[in-house]
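Produce the entire structure from the sequences given, and follow the hints as far as they go.
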Amino acid sequence: MPTLLLSAADVAALHDRLLATSGWPQAEPAPAPGELWRWIQANHRFNSLLWAEEDLARRTTVADAEIAANKRAIDGFNQARNDATERVDEILLVALGLVDEASARTDAPVSRVPRGARLNSETAGSMIDRMSIMALKIHAMRWQTGRSDVDEAHRSSSSLKLQRLQQQRSDLADCLDGLLADAAAGRAYFKVYRQFKMYNDPRFNPVLVNERRT
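The sequence shown lines up with residues 240 to 453 when you count with the numbering used here.
Keep in mind the hints are simulated off the structure, nothing from the lab. Possibly wrong hints are sitting among the right ones.
In silico lysine to aspartate or glutamate, EDC-like type, Cα no more than 20 Å apart, as pairs [said to hold, decoys possible]:
| # | residue 1 | residue 2 |
| --- | --- | --- |
| 1 | K310 | D294 |
| 2 | K430 | E450 |
| 3 | K400 | D388 |
| 4 | K400 | D390 |
Have a look at this one:
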């Protein structure tokens, strides 16, 4: 496998290390070395910021204006998270020789498909994005297992959930490693997919288009 690529274990280790960093995600540590890892870190930071805003958006004792501000922040972080995911895919696919480099960052990337290779519906970037979310769930559930303000039943139930989440991440990590190995060997490929989140774009959201006309 080309050395520019990665292992899922290293991805999980980065996710966990960042979650254990004081001040994360508001205070971002030095970026990880290399463009690929910088974008993986950026994706994780935006997921972490998004997670915090989602919690705040569930508040019931604050003014509606505060919830509206949370919703707008959620939209921004979600867009940034998706942009980082796509950048990870672009870098990986260029390294694997599975996309025309000149077109990789356009709205119509040109794939280079090895003969007989199978198409994987999920991209490596989207799997890394899912691993980031799994890391957040594991981090949050582990905290539940150590709470002193709940009963033992809650802690025991949380421990079982934590084990299940850890197994899910392990399975996902194996799938990521398998996809990258198969892609490097010419047995599989994936593509750069654009999310085209039109609700965030005033040129495409029909409500925002109508607002600009009035």
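- [ ] Determine which of the earlier numbered hints do not hold for this structure and return their numbers in increasing order.
- [x] Result: hint 2 breaks, nothing else.
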